Amino acid sequence: MFGPLVVKPSKSKGDKTGAWRIKLKPKFLQKNCIACKMCFSTCPEGCIQGKEKNTFNCDYSYCKGCGLCALVCPKKDIVMEEESEGEKK
Amino acid sequence: MDNSPLFKAGHTACAGCGQAIAARLVIETAGPNTIIVNNTGCLEVFSTRYPESAWNVPWIHSLFENAAAVASGVEAALIYLGKKENTNVIAQAGDGGTADIGLQALSGMLERGHDILYVCYDNEAYMNTGVQRSGLTPFNTNTSTSPIGAKSTGNIRPKKPMPEIALAHGIPYVAVASAGFIPDLQRKVKKALSIKGPKYIQIHVPCPLGWRHETDMTLEVARLAVETGLYPLIEYENGTLVSRRQIAPKPVEEYLKVQGRFKHLLNNPAEIKQIQEIADNNIRKYNLKVENQASS
Amino acid sequence: MKEFLEGSRAIAEAVRLCKPGVISAYPITPQTHIVEELAQMVANGELRSQFVNVESEHSAASVVLGGVAAGVRSFTATSSQGLLYMAEVIFNIAGLRLPLVLACANRAVSAPINIWNDQQDSVSLRDAGWIQLYAENNQEVVDFHIMGYRISEDKSMMLPVMVCLDGFILTHGMESVDIPEQEKVDKFLPPYNPLYKLDTAEPLTMGLLADPDYYMETRYALQETLKDALKLIPKVSQEFRGVFGRDYKDCLIEEYYIKDAQKVIVAMGSVCGTIKEVVDELRAKGKKVGLLKIISYRPFPYARVCEALKDVPQVAVLDKAVSLGAYAPLAVEIKAAFFGKKKSPKVISSFVAGLGGRDITPESVREIFRKLNQREINLEFIDLKPELLQEEYGQ
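Protein chains in written order, with the numbering used here: chain A, 52 to 140; chain B, 36 to 331; chain C, 387 to 781.
Don't read these hints as lab results, they were simulated from the structure.
Fair warning: this is a prediction, and the values are worked out from it, not measured in the lab.
Warning: the hint list may mix true and false statements.
[What the hints assert, rightly or not] Here are some chain C residues the structure puts well away from chain A; computed CB gaps all over 12 Å: (1) Asn-430; (2) Pro-589; (3) Glu-610; (4) Lys-613; (5) Gly-628; (6) Ser-730; (7) Gly-780.
[To be verified] The list that follows gives simulated cross-link-like pairs (lysine to aspartate or glutamate, DMTMM-like), each with its CA atoms no further than 25 Å apart: (8) A:Lys-62 to C:Asp-597; (9) A:Lys-127 to B:Asp-150; (10) A:Lys-64 to C:Glu-603; (11) A:Lys-126 to B:Glu-262; (12) C:Lys-696 to C:Asp-646; (13) B:Lys-231 to C:Glu-441; (14) C:Lys-405 to B:Asp-150; (15) A:Lys-88 to B:Asp-150; (16) B:Lys-119 to C:Glu-640; (17) C:Lys-674 to C:Glu-640.
[As the list claims (entries may be wrong)] Now the in silico label distances, taken between C-beta atoms and shown as ranges: (18) B:Lys-186 to C:Ser-496: 38 to 44 Å; (19) B:Lys-285 to C:Ser-496: 53 to 59 Å; (20) C:Asp-599 to A:Ile-85: 44 to 50 Å; (21) A:Met-52 to C:Gln-624: 40 to 46 Å; (22) A:Ile-85 to B:Glu-120: 53 to 59 Å; (23) B:Lys-186 to C:Gln-609: 49 to 55 Å; (24) B:Lys-186 to C:Phe-767: 49 to 55 Å; (25) B:Leu-116 to C:Asp-513: 32 to 38 Å; (26) C:Glu-610 to B:Gln-167: 45 to 51 Å.
Ideal Cβ positions, reconstructed from N, Cα and C, are used throughout, including at glycine.
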């Protein structure tokens with residue numbers, strides 16, 4: 052007999068940590084982005100995706116709103132803005 | 036590093052966690068042909084709470100102090116199976132799990148010459164259990180077991196020189212990196228994994244909760260640690276210093292004042308002076324100061 | 387092939403036949419000869435294995451944990467202080483459901499420091515979830531190692547096995563032992579085929595944090611699996627008999643002249659050999675005595691013990707360990723087996739002997755049979771030297 056033991060990572064969906072955000076969420080302006088990928092590298096969640104210029108965005112169901120992507124973007128193409136309670140869904 | 040991440044979102048690290056940034060970069064740089072052995076600590080706890088796992092590579096957690104030893108066994112097994120050439124083995128732990136309780140197993144692994152990369156995520160205290168002082172807690176830090184009080188300005192000892200200890204084992208690669216300098220970190224991980232033998236990388240990872248700074252300050256705080264000379268980014272190959280990040284040194288106060296754990300020092304010039312001495316010693320020892328360009 | 391050799395060498399031969407890929411070694415008396423013999427075999431190319439000289443027993447256990455987690459059969463040996471030092475990892479290996487065979491050369495635990503035999507070390511880790519088999523002689527030691535891997539790696543088990551053998555008595559004793567042929571061992575013991583392992587082809591996460599919503603079921607599963615082991619061990623024992631010819635019956639207990647016995651001693655380990663000699667001697671004089679040898683201490687074969695001893699009026703349990711402040715560990719199991727049962731011995735007396743290597747002689751065994759009568763003895767130390775005791779310090 053076996054109990055909870057080993058986990059197949061493909062079966063793991065993770066927690067929906069987007070619910071942790073308190074006030075701010077990053078808005079990806081997708082205007083001046085040069086696809087330097089700094090936001091992609093910096094995000095502690097790894098929830099930012101993108102390939103070419105102006106295609107970067109984040110998965111808000113995981114984004115905790117830490118604000119690091121906005122600060123690290125060399126083109127200031129990410130801004131932290133307030134989101135309302137309704138918007139958070 | 037793309038749509039099939041090796042370290043997935045949905046883990047429960049604090050927002051802005053420096054260790055999450057570094058751990059993700061380490062495994063994404065190492066690639067899918069990697070087996071990770073992880074000690075107990077924040078990283079293990081926030082990334083593998085049953086039934087969720089953030090790791091898309093083979094990953095095992097055993098105990099608090101034995102990642103280096105378990106990794107030695109994994110490496111031996113891979114050699115026996117003839118699979119070691121194609122597989123990276125990374126043992127990782129926090130500062131407490133490396134410099135304190137894990138020192139014995141780490142020393143044994145380094146001495147035996149296993150082909151393993153050991154990564155120490157240095158957030159300078161036992162963070163997962165509530166910010167207790169470790170051997171890598173800096174001088175004068177306010178932690179829960181080296182608290183400030185009427186008779187104390189915090190931790191009374193300097194950091195244990197872990198990179199030097201690793202270096203003294205005569206291993207082929209020792210490097211210090213920082214979550215604030217991402218391309219440098221990636222380069223060092225890549226370099227380490229291209230070398231056969233035991234490797235040690237220590238990564239400075241700010242902890243917004245334990246260091247008491249804003250979640251979006253993680254990278255800035257990490258950079259200030261390096262730019263004041265308190266956390267030299269050095270790199271050794273076969274015992275020779277091959278690179279160090281040169282700085283235009285900032286006064287240590289700039290680093291101390293952005294963190295709540297050092298707040299008590301801001302009115303204490305005598306203590307700040309001692310910390311400045313630590314930074315100055317580093318700058319001297321590793322020749323960190325950028326040379327002034329002579330005018331033609 | 388029958389060879390006359392030291393116990394440690396016999397173990398090394400048994401381990402070599404099982405072909406482990408990872409062996410970790412840290413020396414501790416009286417296990418040292420085992421790892422030395424294995425090191426020599428590897429050095430001579432007789433055993434293809436990664437031999438890792440670790441810096442402590444905690445790491446010795448951790449290395450084999452890593453080895454078997456990566457899918458390779460592994461082995462280590464230890465004793466006493468070493469076993470206690472690696473205790474954390476011992477619990478961990480069972481909890482992670484990794485198969486392993488570990489040889490424990492039973493030795494007393496400090497303090498005082500003592501390198502001679504008793505069973506306190508392995509008995510102290512009885513809660514860890516390992517299968518514990520106690521050997522009477524070096525043939526059993528060899529055979530239990532081979533059976534150990536077979537039991538341990540069974541897909542219904544995935545549990546580690548500790549082969550317990552009395553330090554010095556068995557490790558350093560020279561005996562005539564049949565070392566099986568490689569072909570027979572290969573027939574009986576297939577290569578390790580893991581249910582789960584660390585493999586980049588199929589990533590898995592092992593050793594997760596299990597909060598209160600998940601932890602208890604893993605422990606329940608361990609308990610149920612150990613109960614299933616009571617059925618698997620006899621099955622493996624019969625398979626073993628089929629290939630090697632030696633019959634350990636159910637390999638849980640051994641009944642020696644129990645059938646019509648009026649007095650039986652229950653014991654584990656090499657002392658059973660001495661007890662058998664005294665039983666033979668007393669039987670020749672017409673005394674109805676017998677021995678119940680416990681082979682599998684964990685899982686404990688309660689049903690078999692009840693079956694064997696239910697008609698025996700007087701039972702003495704000989705322990706080579708003591709749960710200080712309470713009871714002798716084997717005695718309490720025997721008592722628990724009969725609690726509430728209709729048929730049970732009238733008297734179950736508990737004796738502790740042989741601690742720290744104090745010899746258990748045939749006279750000691752006769753003494754126990756003498757002391758075993760209608761008055762139940764709660765816990766008595768045999769062969770004690772009262773002259774060494776002082777009521778108050780400094781007398």
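The hints, checked one at a time:
{"no.": "1", "hint": "Asn-430", "in the structure": "38 Å, holds"}
{"no.": "2", "hint": "Pro-589", "in the structure": "5 Å, violated"}
{"no.": "3", "hint": "Glu-610", "in the structure": "4 Å, violated"}
{"no.": "4", "hint": "Lys-613", "in the structure": "9 Å, violated"}
{"no.": "5", "hint": "Gly-628", "in the structure": "27 Å, holds"}
{"no.": "6", "hint": "Ser-730", "in the structure": "31 Å, holds"}
{"no.": "7", "hint": "Gly-780", "in the structure": "54 Å, holds"}
{"no.": "8", "hint": "A:Lys-62 to C:Asp-597", "in the structure": "19 Å, holds"}
{"no.": "9", "hint": "A:Lys-127 to B:Asp-150", "in the structure": "42 Å, violated"}
{"no.": "10", "hint": "A:Lys-64 to C:Glu-603", "in the structure": "22 Å, holds"}
{"no.": "11", "hint": "A:Lys-126 to B:Glu-262", "in the structure": "23 Å, holds"}
{"no.": "12", "hint": "C:Lys-696 to C:Asp-646", "in the structure": "11 Å, holds"}
{"no.": "13", "hint": "B:Lys-231 to C:Glu-441", "in the structure": "22 Å, holds"}
{"no.": "14", "hint": "C:Lys-405 to B:Asp-150", "in the structure": "24 Å, holds"}
{"no.": "15", "hint": "A:Lys-88 to B:Asp-150", "in the structure": "31 Å, violated"}
{"no.": "16", "hint": "B:Lys-119 to C:Glu-640", "in the structure": "46 Å, violated"}
{"no.": "17", "hint": "C:Lys-674 to C:Glu-640", "in the structure": "17 Å, holds"}
{"no.": "18", "hint": "B:Lys-186 to C:Ser-496: 38 to 44 Å", "in the structure": "39 Å, holds"}
{"no.": "19", "hint": "B:Lys-285 to C:Ser-496: 53 to 59 Å", "in the structure": "54 Å, holds"}
{"no.": "20", "hint": "C:Asp-599 to A:Ile-85: 44 to 50 Å", "in the structure": "46 Å, holds"}
{"no.": "21", "hint": "A:Met-52 to C:Gln-624: 40 to 46 Å", "in the structure": "23 Å, violated"}
{"no.": "22", "hint": "A:Ile-85 to B:Glu-120: 53 to 59 Å", "in the structure": "38 Å, violated"}
{"no.": "23", "hint": "B:Lys-186 to C:Gln-609: 49 to 55 Å", "in the structure": "52 Å, holds"}
{"no.": "24", "hint": "B:Lys-186 to C:Phe-767: 49 to 55 Å", "in the structure": "53 Å, holds"}
{"no.": "25", "hint": "B:Leu-116 to C:Asp-513: 32 to 38 Å", "in the structure": "34 Å, holds"}
{"no.": "26", "hint": "C:Glu-610 to B:Gln-167: 45 to 51 Å", "in the structure": "39 Å, violated"}
The structure fails to meet hints 2, 3, 4, 9, 15, 16, 21, 22 and 26 from the earlier list, while all remaining hints are met.
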